[in-house]
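Number of protein chains: 4
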Amino acid sequence: MIVQIQENARREQVNNLVSWLESFDLRVRVSEELAGTTLGLVGDTGRLDIDQMRSMDIVEGVEAVREPYISASRKFRSSDTVIRTNGVSIGGGGLTMIAGPCSIESEEQILSIALKVKDAGADMLRGGAFKPRSSPYSFQGLGAEGLKMLLAAKKAAGLPVVSEIMDLSQLPLFEEVDVIQVGARNMQNFEILRELGKIRRPILLKRGLSSTFEELLLSAEYIMAGGNEEVILCERGIRTFETHTRNTLDISAVPILKQLSHLPVIVDPSHASGIARLVRPLALAAAAVGADGLMIEVHNAPELALCDGPQSITPEAYEEVARAARHVFGNVRACGEV
Amino acid sequence: MIVQIQENARREQVNNLVSWLESFDLRVRVSEELAGTTLGLVGDTGRLDIDQMRSMDIVEGVEAVREPYISASRKFRSSDTVIRTNGVSIGGGGLTMIAGPCSIESEEQILSIALKVKDAGADMLRGGAFKPRSSPYSFQGLGAEGLKMLLAAKKAAGLPVVSEIMDLSQLPLFEEVDVIQVGARNMQNFEILRELGKIRRPILLKRGLSSTFEELLLSAEYIMAGGNEEVILCERGIRTFETHTRNTLDISAVPILKQLSHLPVIVDPSHASGIARLVRPLALAAAAVGADGLMIEVHNAPELALCDGPQSITPEAYEEVARAARHVFGNVRACGEV
Amino acid sequence: MIVQIQENARREQVNNLVSWLESFDLRVRVSEELAGTTLGLVGDTGRLDIDQMRSMDIVEGVEAVREPYISASRKFRSSDTVIRTNGVSIGGGGLTMIAGPCSIESEEQILSIALKVKDAGADMLRGGAFKPRSSPYSFQGLGAEGLKMLLAAKKAAGLPVVSEIMDLSQLPLFEEVDVIQVGARNMQNFEILRELGKIRRPILLKRGLSSTFEELLLSAEYIMAGGNEEVILCERGIRTFETHTRNTLDISAVPILKQLSHLPVIVDPSHASGIARLVRPLALAAAAVGADGLMIEVHNAPELALCDGPQSITPEAYEEVARAARHVFGNVRACGEV
Amino acid sequence: MIVQIQENARREQVNNLVSWLESFDLRVRVSEELAGTTLGLVGDTGRLDIDQMRSMDIVEGVEAVREPYISASRKFRSSDTVIRTNGVSIGGGGLTMIAGPCSIESEEQILSIALKVKDAGADMLRGGAFKPRSSPYSFQGLGAEGLKMLLAAKKAAGLPVVSEIMDLSQLPLFEEVDVIQVGARNMQNFEILRELGKIRRPILLKRGLSSTFEELLLSAEYIMAGGNEEVILCERGIRTFETHTRNTLDISAVPILKQLSHLPVIVDPSHASGIARLVRPLALAAAAVGADGLMIEVHNAPELALCDGPQSITPEAYEEVARAARHVFGNVRACGEV
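Chains as they are written, first to last, in the working numbering: chain A, 3 to 340; chain B, 3 to 340; chain C, 3 to 340; chain D, 3 to 340.
A hint or two may mislead.
Examples of chain A residues toward chain C, derived with CB under 10 angstroms [stated by the list, open to error]:
#	residue
1	Leu211
2	Ser212
3	Arg241
4	Thr242
5	Phe243
6	Thr245
Since the hints were derived computationally from the structure, they do not count as laboratory data. Note that beta-carbon positions come from the ideal geometry of N, C-alpha and C, so glycine has one too.
One chain only, chain A, in its complex shape:
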């Protein structure tokens, strides 16, 4: 349930209302925007007398919400969430570019790619140290060592970094990682989500292979319910009957998620298709559809990559894709929104 507060309400009055609502065993979340203050109520609201509430001096309106999430809902917060980390912002009306290799393979590799994508205008560096692999016999990433190499590259290139966490025990190693990624296979690893709600660092949450929009937003809600409101949603393809592509990019996810939620939404065209030559057209489609950012796998020598080579593009190709994507994005913005 959403309660809109009168503009002229005093802080004390709002606090009193919150306390009163909490006495019904409800959790109350408060959103303060330019447009006004809104309360989001979670729990069994059945015992509330809606008419009584509507008649309160400081209440402007009360709305029942069908969706089971509140913090992530556009109804609770009408203005776009902008996430800022280390000088980079995601969701503020620009197209944030995240680039880097699927997995960190050596100090030279990650450093060289970092400098090249930096040159090509990337805003952020990605690189996996802990890799979720279907087979126990595949390369599993360099682990803690890899993370150190990533942080060295971060320093050298001056780029904030994003890397995937696979288990809570790894959390201490992520101290200097600017954005922590929760992968598609862990989107409903609720223990991880809950713990990440307790820290204050942006979380990049990838949509599960067969997760609905509602499930994705509920997973974001797990993080936000803990107090960490900086969640970036990422569409990376879903599993369908079509096997030509590794996954099927659900491009509609962007406008739908942005309608349902105030959180920024980015697209990963590399995992979505699994095919390097599709990265460019899908990146342009994502830029045109209104994504807040792109995450692209870049490798110095895709044919030798220890992981996901077939979907990686070279730094040179990345430069061209990034330029074209920004160009399309700018043009769509210029056309205005309807």
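Mind docking chains B, C and D on chain A? Use the hints.
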């Protein structure tokens, strides 16, 4: 199997080779492009002696083809097929805009929409007379009467028209329909496909709800095997687990189908989402990804439409979408292809 | 909307009520069972005064129905429909066995298989003359000639036959075919469904590859709305992300369809899996889950079959499967229903 | 790669061969069955000289294996794995019945259900203490307290217990839990799988909502690669386009997994359908198709359950289902295997 012919081969030599190949019970299709002549062999090629063929004077190369389609394959014809009808071309490097109501409801309705989308720069008018509806109790279209109204609007607005056929018995009524549509539910109605192969009119073939790219191209092959090579492929969303949208637009279909085939590929953002407010972002995504055209449902009063109202946009909204889509398309073209 | 009629209502009174209802532009379907008479109303029932109707002498109850189908609904007819053809019944509490080759290949082939499956206790012979094939270059069936061979085998073996129709133009050839099959790809070929509603022959309607239960029942409704109430539903596997099997048998379809509808439901384990060695376990599962029948592909020499060899079993294997399936079916019946 | 060892090979010779193979950086797994000793080689086998190996005295045969799993493969171990825990066996030719509530709600609740399902012949008690819920605001289980109640019920009823782990930090609490369940959402939580490979307790591994058979077996391989070979596979429904059921039970999973692997396979008809009245028919189908066990949600008052009430059945209904399932299972066994 694909046989590339030497540039300097004489027509007579090629004919002899074709006759010889046909003596093996193979069907031989001939493609003559600027790049040279290519033969596509269909049937049991196991009895051919490849080495013998490679050693022939007029043969430049022989390639086994994994795909089960030949006529529709990019390997058989390397240059894009351009379909021309009544002054409009599809596939020649532009973005062809097809607009109109889901179903024809009255003479005034179709005429008024026709004139408005014409004004908004549409290249072609769509309108359904025979409607495939899940329920026998839903509005089934105006049938032959509706088709007459469409043809009157065609004349008045000076726009070529596209309309869906549902059964071969309706074919005589389609005499003046410029492009005949085969709907998603009929994509594997092989009897219709076969018959449409015998006429000489462009066919707009929509991808089935759960059809793979290969199945779509095989259905195109049914038409082309009969000699009708003017097939337009249309991505209109596939069925997945996600129920927020009516279907899931598979935006990757465009670059993949254009890689596998020389046929033009258009996108229908209206059916793909089933939600009017998604038409614009999905149309822009399709324009950015490289589609050859867009088919958009436009209705004068979507809230009163007898069919598919929730996914229809007004002529005014259409005008803006079309302008933005062409703008994006032009910009992507200007960025060049990689 | 469903209207239950009082037990003691006179025929004349019922007729008057029907006429009155039809004056509201509604279609009225009448079901007369031992349990009483029921009217099914289709169309815009919004103008009816429900309270007025409930107060009528001959009306026992009025129920709004959420489902968009009426004739096929269990709410309209509570007792199981039993379909009888040529001495065989489907849906009457037994397990009807339908066996035969995917496609008729020669007179000897179909006759020899017919005699063998007859010996093995089959109730009905299947055999395809018109084959829907993804590729135009695959064997398309023997057509009219094949149908003649099937009818000769019918006579010789004394088994009623089922065969698939692909286009309405073929209908005259099906005069002596006991049960006409509509294949999965034609489940939403509404023109065929409508025409089959006008004849009086049982129709075996296969579920489409990605059709919901509701869509299947609506397709049955197309046939029944025309007056042909003898529809047999067939689950034959749906398309999912799993590619190990050709399709995924949705075994839950049987109890669900039997709850939603009074029509008999059979299972085709051959198409559902596409793997011969799965036919036995899936047939047993179908018998245990409560299917009214099984349709199994049997070929004298599966490895030489012109179509679907990998999923066909030999007459010898069929005999064992049929015996085991009947055994399981009998045991489940003996356990009673809950 | 699979290496079959001659029957008369001495232990020492085998050890020498294993050491030699390990010198190529391969992991070697040894299976000793009545049928003989088999080595499973994992890693880059490209440098091995197959002909040299085939010519070795103690080698009977060498087979390349297409599947990326070895320990879980039927090719590596031909005889069924039988898992024994606390007097109960799974996979040894019987139908093991596991029953209990979705979540433990109180000491009385779990104890009362335990005693009732014990009376009804259940072999094992299930009960969730840590519940994976889509929403952070849903009941999350009683946690450590719940687990204590389960262990008390275990003692009182004399039934081994199975319960789900959600995070490695919970592992110490599972000391006396006989079988540890990894839920569908954690099927690719590789950190948990790896750790569970280090203990010596049976693991019940549920198939992910959109996981292929190969992915399920690779997740089993994660556990087995660590040395814990006691993995029970569980089919519990997959996500498809059909929304009438919560998931779609993939009944074919049982015969396919049992062909690909030697591990026992059980079925959870409660989660597969999400509908209590489907539990019985699906349980019978699973028994007929050859499952090694059934896991069924039983609740004393399903309408009051804090979790998954709609799919739970009463102890009374369970008793009847269990009896019927065993009856069907016995009959299928009696029919023999083909």
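Going through the earlier hints one by one, which of them does the structure break, listed in rising order?
none
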